[in-house]
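Undergrad: The chain contents come next:
2 protein chains.
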Amino acid sequence: MPRIVMKFGGTSVADLDRIRNVAQRVKREVDAGNQVAVVVSAMSGATNQLVAWVNALDDLHDAREYDAVVATGEQVTSGLLAIALQKIGVPARSWQGWQLPMRTDDAHGKARILEVDGAPMIASMESGQVAVVAGFQGLAPGDRIATLGRGGSDTSAVALAAAVKADRCDIYTDVDGIYTTDPRIVPAAKKLQKISYEEMLELASVGAKVLQIRSVELAMNERVRVQVLSSFQDIPGTLVVDEDEIVEKEVVSGIAYARDEAKITLRNVPDRPGVAATIFGKLAEENVNVDMIVQNISAEGTTDMTFTIGKTDLPRAQAALAEIKEQVGNSEVLVDPNVAKISVVGVGMRSHAGVANTMFKALAEKSINIQVISTSEIKVSVLISAEYTELAVRALHTAYGLDAH
Amino acid sequence: MPRIVMKFGGTSVADLDRIRNVAQRVKREVDAGNQVAVVVSAMSGATNQLVAWVNALDDLHDAREYDAVVATGEQVTSGLLAIALQKIGVPARSWQGWQLPMRTDDAHGKARILEVDGAPMIASMESGQVAVVAGFQGLAPGDRIATLGRGGSDTSAVALAAAVKADRCDIYTDVDGIYTTDPRIVPAAKKLQKISYEEMLELASVGAKVLQIRSVELAMNERVRVQVLSSFQDIPGTLVVDEDEIVEKEVVSGIAYARDEAKITLRNVPDRPGVAATIFGKLAEENVNVDMIVQNISAEGTTDMTFTIGKTDLPRAQAALAEIKEQVGNSEVLVDPNVAKISVVGVGMRSHAGVANTMFKALAEKSINIQVISTSEIKVSVLISAEYTELAVRALHTAYGLDAH
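So the protein lines, in turn, are chains P and W. FYI, our numbering numbers position 354 of the first sequence as 363, with every residue one higher than the one before it. FYI, our numbering numbers position 137 of the second sequence as 146, with every residue one higher than the one before it.
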């Protein structure tokens, strides 16, 4: 009997009517002969309210207590959905993270799943009972409640799918699949039937926030077939699968953009060994993630060092750079938060030359200046001025032949 | 080092400011050199919202799922209060029912506490950490979440106080103690300094709803000294203690009233053996609690049988009586929901004659007709027409010399 995990996000369980809707969707899968586990998020808005309370009391709160408070959102939904399922004749029960248990490390507030014992769940599902699991939460050492960080319910669902050896993990969300780019910017964007884990990872990391990155990593490692689909429409979504399952590999599968980075330039950095280590060592110490880095060639013994960081890290980064200014010996620090990172992603890139060049040409034709470039095996990213974001995305979507006919 | 349990109800933790207030009160007890455990209810309104959701989905819901949903209210408060305490420098941590664990039976929705292991809590308190315990909840067999029923946090607090051998269990509430009667009816009502468990039980059972009855029973059985006091004013409350601790025993300690009963009279019941057993056996079968019962002497082979039940049980009782009408052979069933039960309570009654007579005389002077009488060792109750409630309470308060000077 096929076994599937279904995951519903906050907007899909926002009120009682939507919870009843979810129950009907689950019933359909049960009636079709599947063994089903369901992972639920908190009703939309619930988590924000809980987080706001915690932060109002103490913005430097104990993360273990934050977790005890915030995990209640998913607990409520799990119980309500179990009741809604029973009401329409589907045997069901709720499972909290500590009941499974879904064991995590002790990084409260952003814990990582260490281990899920699938056996009790499998036994329950094989007896014909739908398991309704509170997502986003687990059991940390010392029997404390842990949460997985924002979007963690996706990861809960994938971990559960791996633990119960599910045939598929369906992630129901408010979009109906993964598109070649953001349809709000490019109406001609096409829904992808399939996408590889690697591509999904690159897209997620550059701002296509449909799936939490860790859930994709986990799916890739555990070879869990993930489907992203709409909770409101009854149409097939996009399958996130192993590259081998994709017969026709596109050179470029999608165009992504991110506006959450800021650019920092250190002017007149002395061109001597160890300077880069000083700068990026200090930033790492302060927990500032650095993304793109470029260093121009040296002129008269100094150089300019440019890099990007998350916008939210900006105050921390500026404080850190001020501390090491004398040690580094740079003249000024230029900060530009008005930048966007545009990326083209595709596994077919590995065997095709000229992909980057198509990008540079398309941007040049629109007179868009490229500030920083970075590449990976299946991705080319550029940093541009934020005001050109939509123009650049549209130009690239057309240049790579992705527009729907 | 003295050890105390403090319990705060829903109105005392209704918002963040009140939670901060509670933290200050707890800090004061810690600063005074006490080891402290705190039991909290849900923020007022939270439980009602959760119950409403559950009932809207299915009014015949699975009680285990109801418990999973509803227990979140207390979980939220426990985490928030722990954070508020840490913020003002008081080491604290939250404990959920399953973490202690507070083991209960499997009567989900109204579970009874079976066992609390005090050892881990004592160790934690002795290390200087305030234990913030989510009230109202426990761990049922099968590792499911259980709730104790409305007002259950009082019982949680008393059970915890017994388990950690606390010197006192302080119940903070929106009144500042136990009064000789309802001060809204009798402005001259006096606050009692001390009251015995037995009196408190009688008062609670006839409508003075300050403490949950089960919490008083438990306190009596475990000899836990309970104090009822205000969370908003800083004045001593009322101690609920063993009778032996009360030196000056009042003949009558308080006057209570209840308007939640209905009177039923079965007319012309054949006066033969087994009839009462048929009637009350059937009602017991249908889970209808019968309170007062009177049977008039027989006239011409039939009698009238009058008794009272909880108003909410009325539809179920009427259906049950209709079913057995032929078997019993009564003529009609008269129902009167407009009745009130007035009770005078006092342990001194045991050694004083004439207490009931004072009551009957005082009511007669106000021309209040007594419909039913019932007595216990320390209580005399009468049923009267509901419209005389306030008049009767005031007359009795004066008649027993309880008015403040």
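Rather than coming from a laboratory, the hints here were simulated on the basis of the structure. A quick note: this is a predicted structure, and the numbers were derived from the prediction, not measured. Please note that the accuracy of each hint is not assured.
A pair counts as met if it fits within one copy or between any two copies, since identical chains are not told apart.
Said to hold, decoys possible - Taking lysine to any residue pairs in the SDA-like style, the calculated list, with each CA pair at most 20 Å apart, reads: (1) Lys96 / Gly118; (2) Lys96 / Asn64; (3) Lys203 / Ala331; (4) Lys291 / Arg73; (5) Lys36 / Leu238.
Undergrad: With reference to the structure, classify each hint as holding or not holding.
TA: Okay, the hints, checked on the actual structure:
1. In this assembly of identical chains, the alpha carbons of lysine 96 and glycine 118 lie at most 20 Å apart only when taken from different copies (18 Å versus 34 Å within one copy).
2. Taking CA atoms no more than 20 Å apart as the test, lysine 96 paired with asparagine 64 passes between copies only; the shortest distance there is 11 Å, against 38 Å inside one copy.
3. For a Cα distance limit of 20 Å, the shortest separation of lysine 203 from alanine 331 qualifies neither inside one copy, at 47 Å, nor across copies, at 66 Å.
4. Proximity of lysine 291 to arginine 73 under the C-alpha cut-off of 20 Å is found in neither arrangement, the shortest distances being 28 Å within a copy and 52 Å between copies.
5. Only within a single protomer do lysine 36 and leucine 238 lie at most 20 Å apart by alpha-carbon distance; the minimum there is 17 Å, versus 51 Å between protomers.
Consistency note: the structure conflicts with the earlier hints numbered 3, 4.
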